[in-house]
Amino acid sequence: MQSLTNRSKPVERKPMTWVERIYIWNIFKGMLITGKHFLKKKPTIQYPEEKRTFSPVFRGVQVLNRDEEGRERCTACGLCAVACPAEAITMEAAERKPGEENLYREEKYAARYEINMLRCIFCGLCEEACPKDAIYLSETFAPANYQRKGFIYGKNELLIPDPKTQAQELAKARGQL
Amino acid sequence: MHLLAIDWIFLLEKLILIVIIISISLGVAMYSTWWERKVAAWIQDRIGPNRAGPLGLLQPLADGLKLFMKEEIFPASSNKILFLLGPCLAMLTAMMTSAVVPWASHLHIAGRDVPLQIADVNIGILYVFGVVSMGVYGVMIGGWASNNKFSLMAAVRGASQIISYELAMGLALIALVLHTGSLSLGVIVEQQAHQGYWNIVLQPLGFLIFFVCALAECNRTPFDLSEAESELNFGYHQEYSSMKLGFYLFAEYVNMFISSVIMATLYFGGYHIPFIHIADPNFAALAGFIFLFAKTAAFITVFMWIRWTVPRFRYDQLMNLGWKGLIPLALINLLITAVVILLHTQH
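Same order as they appear, the protein sequences are chains A and B.
Residue numbering for the first sequence follows the numbering used here, beginning at 321 and increasing consecutively.
Residue numbering for the second sequence follows the numbering used here, beginning at 6 and increasing consecutively.
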């Protein structure tokens with residue numbers, strides 16, 4: 321019969337030789353192989369103590385961005401929520417009052433901004449949809465939680481530290497410290 | 006009042022020795038489980054238990070605690086007494102063998118010679134054999150009392166395996182006994198120390214047969230098809246839970262420890278340290294004890310190494326190897342040994 325690929329090998333049907341039949345030598349060979357593995361360096365990463373670094377294009381938990389002066393960039397336009405295929409994002413808009421110019425960049429801002437991390441599929445479409453560079457996917461993932469409501473991230477969890485008043489925390493969050 | 010003239014110190018000395026040896030056997034068995042998991046992990050490129058205490062050394066305690074906390078189940082249709090007796094017998098026979106093993110030479114304490122052997126019986130090997138073959142009852146009763154056909158079949162498998170490998174083991178040992186001329190384990194060790202080389206030099210084939218049979222007697226892979234935890238429903242202790250299961254598993258490790266000690270004693274000089282002579286008897290005894298333990302640990306490691314290398318035999322392969330392979334080989338070994346000894350004594 322013609323073989324379909326050139327990789328096929330005929331099956332050996334030779335009867336076992338005496339050396340093969342008494343097993344001892346073969347078992348010894350097997351033990352040499354396992355012995356080599358016994359001494360090998362293990363590839364295990366001890367998770368909570370050691371962490372694997374993600375690639376720079378890793379799509380992790382979202383962050384809400386601020387501008388250089390520490391003002392929130394989000395204007396609650398809702399494009400991210402529309403773009404989200406998992407419908408994980410909800411928000412409520414509010415109008416900036418006089419005297420809040422140092423907090424919000426434009427007249428409209430998100431009073432409530434929530435992402436449900438159980439729904440989020442980390443596709444990054446929100447990041448692409450955002451016209452204001454306000455939402456980015458970071459290089460970390462959402463840690464485990466005991467309750468479902470713990471996975472609904474609000475502005476407290478999402479907003480990055482203020483570069484003016486919390487410069488240290490920001491540098492730390494960026495992994496520069 | 007001659008009847009009551011008991012040597013109380015002698016009694017105390019033996020009692021202390023028994024307590025020490027039993028706790029050492031249990032401790033070694035406990036840490037064998039830890040070592041087994043470590044060896045398995047390393048062979049499979051893993052790290053193994055390392056969370057409970059440094060290097061995972063508290064893992065056996067955690068495992069024991071877990072087994073104690075599990076629910077104790079007696080199957081409704083089981084024979085309650087026999088069901089309880091099974092693990093007890095398994096443990097009992099595992100522990101009893103240690104009585105005749107010479108752990109080290111004599112200690113000198115306050116003018117007394119304290120032999121570090123519970124009983125130097127002149128039929129030591131025979132005693133070991135008697136006790137080991139009783140180990141079948143632990144397997145058989147456990148499988149029978151569960152009133153479960155899979156358990157029973159596994160028990161029958163296990164029993165027939167142990168019985169068939171005992172034959173080859175005995176034949177391999179007879180060849181050794183032909184050389185030593187004594188059944189006492191103490192005498193055998195002294196003889197090896199005296200003749201300057203270990204019995205393995207004289208009986209390499211006998212040792213190989215003995216080693217293979219010891220694997221089978223301890224139900225270790227590649228002969229663990231009475232247990233076959235991965236596919237045959239966990240064998241004869243399928244219905245067991247909690248510490249009763251723990252006893253069965255523990256007895257396996259105690260058995261492994263004892264058979265390693267016996268192998269070290271019979272073929273590798275026991276507590277004898279080659280090329281080194283220590284004058285102080287107490288220190289010599291201690292060093293010998295440690296040396297015996299080193300040999301034992303090496304054997305236990307080889308047992309584990311084999312377990313994580315070799316797949317299980319099929320039942321017909323097992324019987325083929327036992328009856329058509331090892332027994333004729335042991336007989337030939339016996340014959341050759343006998344002829345050599347005969348020629349030796351004639352000249």
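By construction, these hints were calculated from the structure, which means they are not laboratory data.
There's no promise every hint is true.
As the list claims (entries may be wrong) - List time: in silico SDA-like cross-link candidates among lysine to any residue, alpha-carbon distance up to 20 Å: (1) A:Lys-362 - B:Gln-49; (2) A:Lys-362 - B:Arg-56; (3) A:Lys-356 - B:Arg-56; (4) A:Lys-362 - B:Met-35; (5) A:Lys-361 - B:Phe-318; (6) B:Lys-329 - A:Met-336; (7) A:Lys-349 - B:Ile-52; (8) B:Lys-300 - A:Gly-355; (9) A:Lys-362 - B:Arg-317; (10) A:Lys-349 - B:Ser-169; (11) A:Lys-362 - B:Cys-93; (12) A:Lys-349 - B:Gln-49; (13) A:Lys-361 - B:Ala-45; (14) B:Lys-329 - A:Lys-356; (15) A:Lys-356 - B:Arg-42; (16) A:Lys-361 - B:Trp-310; (17) A:Lys-360 - B:Gly-251; (18) B:Lys-329 - A:Arg-341; (19) A:Lys-362 - B:Arg-51; (20) A:Lys-356 - B:Val-307; (21) A:Lys-371 - B:Arg-56; (22) A:Lys-349 - B:Asn-55; (23) A:Lys-360 - B:Lys-300; (24) A:Lys-360 - B:Arg-42; (25) A:Lys-360 - B:Ala-46; (26) A:Lys-360 - B:Glu-41; (27) A:Lys-469 - A:Ile-441; (28) A:Lys-362 - B:Asn-55; (29) A:Lys-361 - B:Arg-56; (30) A:Lys-360 - B:Ala-45; (31) A:Lys-361 - B:Arg-42; (32) A:Lys-349 - B:Phe-318; (33) A:Lys-356 - B:Thr-306; (34) A:Lys-361 - B:Ile-26; (35) A:Lys-349 - B:Arg-317; (36) A:Lys-362 - B:Phe-318; (37) A:Lys-360 - B:Thr-306; (38) A:Lys-361 - B:Arg-51; (39) A:Lys-356 - B:Gln-243.
From a predicted model like this one, the values you see are computed outputs, not experimental measurements.
Going through the hints against the structure:
no., hint, result
1, A:Lys-362 - B:Gln-49, "9 Å, holds"
2, A:Lys-362 - B:Arg-56, "16 Å, holds"
3, A:Lys-356 - B:Arg-56, "25 Å, violated"
4, A:Lys-362 - B:Met-35, "25 Å, violated"
5, A:Lys-361 - B:Phe-318, "31 Å, violated"
6, B:Lys-329 - A:Met-336, "16 Å, holds"
7, A:Lys-349 - B:Ile-52, "24 Å, violated"
8, B:Lys-300 - A:Gly-355, "19 Å, holds"
9, A:Lys-362 - B:Arg-317, "26 Å, violated"
10, A:Lys-349 - B:Ser-169, "27 Å, violated"
11, A:Lys-362 - B:Cys-93, "40 Å, violated"
12, A:Lys-349 - B:Gln-49, "16 Å, holds"
13, A:Lys-361 - B:Ala-45, "14 Å, holds"
14, B:Lys-329 - A:Lys-356, "33 Å, violated"
15, A:Lys-356 - B:Arg-42, "17 Å, holds"
16, A:Lys-361 - B:Trp-310, "18 Å, holds"
17, A:Lys-360 - B:Gly-251, "32 Å, violated"
18, B:Lys-329 - A:Arg-341, "12 Å, holds"
19, A:Lys-362 - B:Arg-51, "6 Å, holds"
20, A:Lys-356 - B:Val-307, "14 Å, holds"
21, A:Lys-371 - B:Arg-56, "17 Å, holds"
22, A:Lys-349 - B:Asn-55, "30 Å, violated"
23, A:Lys-360 - B:Lys-300, "24 Å, violated"
24, A:Lys-360 - B:Arg-42, "16 Å, holds"
25, A:Lys-360 - B:Ala-46, "11 Å, holds"
26, A:Lys-360 - B:Glu-41, "17 Å, holds"
27, A:Lys-469 - A:Ile-441, "17 Å, holds"
28, A:Lys-362 - B:Asn-55, "13 Å, holds"
29, A:Lys-361 - B:Arg-56, "19 Å, holds"
30, A:Lys-360 - B:Ala-45, "13 Å, holds"
31, A:Lys-361 - B:Arg-42, "17 Å, holds"
32, A:Lys-349 - B:Phe-318, "17 Å, holds"
33, A:Lys-356 - B:Thr-306, "15 Å, holds"
34, A:Lys-361 - B:Ile-26, "37 Å, violated"
35, A:Lys-349 - B:Arg-317, "16 Å, holds"
36, A:Lys-362 - B:Phe-318, "30 Å, violated"
37, A:Lys-360 - B:Thr-306, "17 Å, holds"
38, A:Lys-361 - B:Arg-51, "9 Å, holds"
39, A:Lys-356 - B:Gln-243, "35 Å, violated"
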